[in-house]
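*Asks:* Here the structure of chain A is known, so what remains is to put chain B in place on it, guided by the hints.
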Amino acid sequence: MSDLPDPFAGWFAAQGWQLRAHQRAVMAAAQAGDSVLLIAPTGGGKTLGGFLPSLIDLAAHPRAGLHTLYVSPLKALAADIARNLLRPVEAMRLAVSIATRSGDTPAAERRRQRAAPPNLLLTTPESLALLITLPEAAAMFAPLAAIVIDEVHALAGSKRGDQLALALARLAALAPAARRIGLSATVAHRAPLAAYVAPDGRADSVRVIDAEPGAAPQIGMLLPRGRLPWAGHMGLFSAPEILRCIAAAAMTIVFVNTRAQAELLFQELWKLNAATLPIAIHHGSLEPEQRHKVEAAMAAGRLRAVVATSSLDLGIDWGGVDQVLQVGAPKGVSRLLQRVGRANHRMDEASRAILVPANRFEVLECEAAILGAAAGELDGEAPRPGGLDVLAQHVLGVACAAPFLPDALFAEVRRAAPYAALTRRDFDDVLGFVQDGGYALAAYERHHKLFRDAEARVHVRTERIARQHRMNIGTIVEEPLLKVRLGPRGAALGEVEEYFANMLTPGDTFIFAGRLLRFLRLRETTVEVAEGGAGEAKVPAYAGGRMPMTTNLADRVRGMLADAASWGGFPAPVQEWLMMQRAVSRLPGRGDLLVETFPRGDRWYLVAYCFEGRNAHQTLGLLLTRRMERFGFAPLGFVATDYVLAAWSAHPPTDIARLFEADMLGDDLEAWLAESSMLRRTFRNVAVIAGLIERQAPGAEKSRRQVTVNSDLIYDVLRRHQPDHVLLRATRADAAGGLTDLGRIAAMLARIKGRVRHMVLSRVSPLAVPVLLEIGRESVRNSGGDDALLEEAALVAEAMGEVAPAPRRSPRQALPDVPGQGRLPL
Amino acid sequence: MTPAPIHLAGERLMLDPEGALFWPAQRLLAVADLHLEKGSAAAARGALLPPWDTRATLDRLAALLRRWQPETLVALGDSFHDAGGSARLAPADRARLRAMAAAHRVVWVLGNHDPTPPEGIDGAAVDELRLGRLRFCHQARPGPAAGELCGHHHPKARVEVRGASVSRPCFVCDGRRLMLPALGAYTGGLDVRDAAIAALFPRGGRVFLLGRERLFSFPYAARRAA
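Sequence order for the protein chains is A and B. Here the first sequence stands for residues -11 to 814, where the numbers follow the working numbering. Here the second sequence stands for residues -2 to 223, where the numbers follow the working numbering.
Bound-form chain A, shown alone:
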């Protein structure tokens, strides 16, 4: 069984294709009505595999109404898949209707889809979440036979993934017979992913099918000619070598880590691009139209290279890409493989990729990533439990469609894997929050959003509440963004964060969308600019731009450092650097924590080689300096990189082992968390997703000030009067994994207990040089909190008589770091 029926067999033959084993296995599962998790590398024909059973069913039994729902994290992917499906449908003259639905779909088209749903509907998690809030959702989804979830690995574990899981649980209630097919890249944690796809949230009720593995990728490393930089993350130094690589291949994607890096590297490449090779730029803040132009030019083979951020990580098959460059640290093996997979989108040919480290620590990280990729050692933590903020959004959405019984909804929600362990208390608190805010002080009786009828069914109170809710659906919370436009009527180039626009003065120059722009004026929600400009150009940075190195990669780097026998493969300057370190201090061991202290100038430095990633180090730095304060060392500040944490103080730090004891996470943590700006930012996201505050429309600051209430002020009031409120619990849960990365710190402190190796040095060690070079570039916080900062600023102002309040800008601005040409002023 499971041979292709006609006309599919004929069509496959005409394409010169054979049914692959995994496609056959998916068909068999579909026949049996089983759900499937298909794990396949890119280019394995897995999308077609996902749709094949639906097409065969519809060819045999044509019918009206929804048959298969396809959900992808990318709008563009849905559109691309729709085009690819049209080919076989038209070639075989199948009576199958196909439509896409996303935020971009015109209202008239959306109405048409609601009146007469297509057989195959291709959409995104957000659009699906919106669909299920409509009163006609039950009728629309009742005939659903199959759900295809693409890029499951990119969704599970994220808030978008939580939202999709809840929507799928709803669909399981509306269409109990619908089977699911999850499509995923190779992942470290298979069972949680299978559970995510399962209609009942249990991994063992899903057939996991592995496609044949593709050819192993070939990954190399490219170093800049001359000196190997000590610090910096942009990799601009290597621009000449990068350009040579581009010239040597047909089509290259140059992946970078941040949008600012993309802009800078793009400028640098064009400065050198004497042959005017067609090189474009692609990142998430550019105008969609500009991005589509670049994508179309890629597809048509008119480009030689694209400098891109994660905006090109997923999905669409560009065909002609034959080389991938990763400039700057790869940060994780899975992420690297995903990017490498963009080259040679055919599984039987090896993808070719080249890593371009920006500094010598990144050389180690690149080496570790290459070894990790070869060993197939994927990273990624097991997905965390679903967010209560997302659940709150979902609960109101369900009520918008139809009244529900709380007991039934609780049971339904627990069938979504991220919420399998949801407690009744949390569910009830979320429900209470949606109804009336869930405050200990009963207020707002007249403004409840939900009411219960005589049969205990929960209704949404007014249609206006439902309308308001539908406009706020989604889990992506962005900083307020402003459009960038060439002149008052000119073309839109993309968006920058409001804070960046606020720090510009007319005449200022900045780099954006690959152009040098002069700021003219801010007009309501538009940044008006002209081409050209003089003086030092600024580069917009975006919040949350950088991701930390994964635990898996960190372990490998630690292992390589500890094992001198492995150094032979490193470039000579790196070998020399490590040998010098061994001579004057020691190297971080596999399971211990090396801490160096040394005097420099009138300060004492403490450098801890933790390798737990930037976010964790930031948090650790705040906790550590608090503790140093209490120990009487008079800490003055700290700086964190992905690898190392450095703090400096007026007095020499001693008793290092006690400094790093696990109780650091106790009293210090509570005190710090309460004031932490990271927690405030996390709370803001939670409050927006849960629907406590509306998404901010940018611009018109004054009127907004009167309408919306700053989330920080809400946070302060709520924390004081109801510290165990469900949104504060959700905030703390998010913070543990997100910006603060508390989980990683806790694991590290437990691991190094009794294994802190303290080296008292008379001067800076070779391994400490890179982090000391970061001082002044990176945000450096004094341990005394904001008031101490103000004190310092006031002192400076007094002494200099000149320092006025800065133009409006936020601390998130990461100044572009110059590649580490700099000499250390020893």
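Rather than coming from a laboratory, the hints here were simulated on the basis of the structure. Small disclaimer: the values here were computed from a predicted structure and weren't measured. Among the clues, some could well be false.
Here's a subset of chain B near chain A, in silico, CB distances under 10 Å, partners left out [said to hold, decoys possible]:
(1) S37
(2) A44
(3) P48
(4) T184
(5) L206
(6) G208
(7) E210
Taking CB as the label site, the calculated pair distances span [to be verified]:
(8) A:N460 x B:N109: 27 to 33 Å
(9) A:E451 x B:E68: 50 to 56 Å
(10) A:G91 x B:R9: 56 to 62 Å
(11) A:A96 x B:A192: 38 to 44 Å
Just so it is clear, CB atoms sit at the ideal spot from N, CA and C, and this is done for glycine as well.
*Replies:* Leaving out everything else, chain B in the frame of chain A:
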């Protein structure tokens, strides 16, 4: 707690780090933009914010009254977030506010949010208050204004230090006009660089950022030509 003395139109005034002003010669305490019942106003529009904002604001006010023991309390307008605000006060909050009003001579300067006097709370309601060389009003009048004290704009300022930045509500003063920060728990701020505030201080002046126990003073640069 360290208040900062300043001089305005020849009068010596004390700036309190909590965001209030005390005039020792008159034993007068001035506060601006309490925006009481802003939370319940938001609830009516569908945003069910934590309902303790009035209580939190009254806590701050009570602490100020205890500290300065004034005879007169001047609220510089927008004391309630909207005209119906005073009617929505929770019984406990209402009793507390009434007790404060009974124990002091209270002047409610009316603002754009609360154009009518609060219901059932003692005090004189005025459009502005002139006392000696000082004039207390809600919204500054454009042009020179020797001895004007105003609120309305909710001034805040941002200061950068070594890559980090701190934003706080602040007083703004140029020796003639003094703008008070908003005291309400849910009142956000407008950056002093905004044209609406900068236009009122064309020659610059100083800002005083609110700290935990003290104020932090910085020069406020005259507006750059845009």
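*Asks:* All the hints need checking, so say for each whether the structure fits it.
*Replies:* Now the hints, each set against the structure:
1. S37: Interface hint status for S37 of chain B: holds (7 Å vs cutoff 10 Å).
2. A44: 6 Å, holds
3. P48: It holds, given that the least Cβ distance between P48 of chain B and chain A is near 4 Å, below 10 Å.
4. T184: At about 8 Å, which falls below the 10 Å cut-off, the nearest Cβ of chain A leaves the hint on T184 of chain B intact, so it holds.
5. L206: 6 Å, holds
6. G208: 5 Å, holds
7. E210: 8 Å, holds
8. A:N460 x B:N109: 27 to 33 Å: 29 Å, holds
9. A:E451 x B:E68: 50 to 56 Å: 53 Å, holds
10. A:G91 x B:R9: 56 to 62 Å: Between G91 of chain A and R9 of chain B, where Cβ atoms are some 59 Å apart, the hint holds.
11. A:A96 x B:A192: 38 to 44 Å: Holds - the Cβ-Cβ distance for A96 of chain A and A192 of chain B, about 42 Å, lies within 38 to 44 Å.
When the structure is compared with the earlier hints, no violation turns up for any of them.
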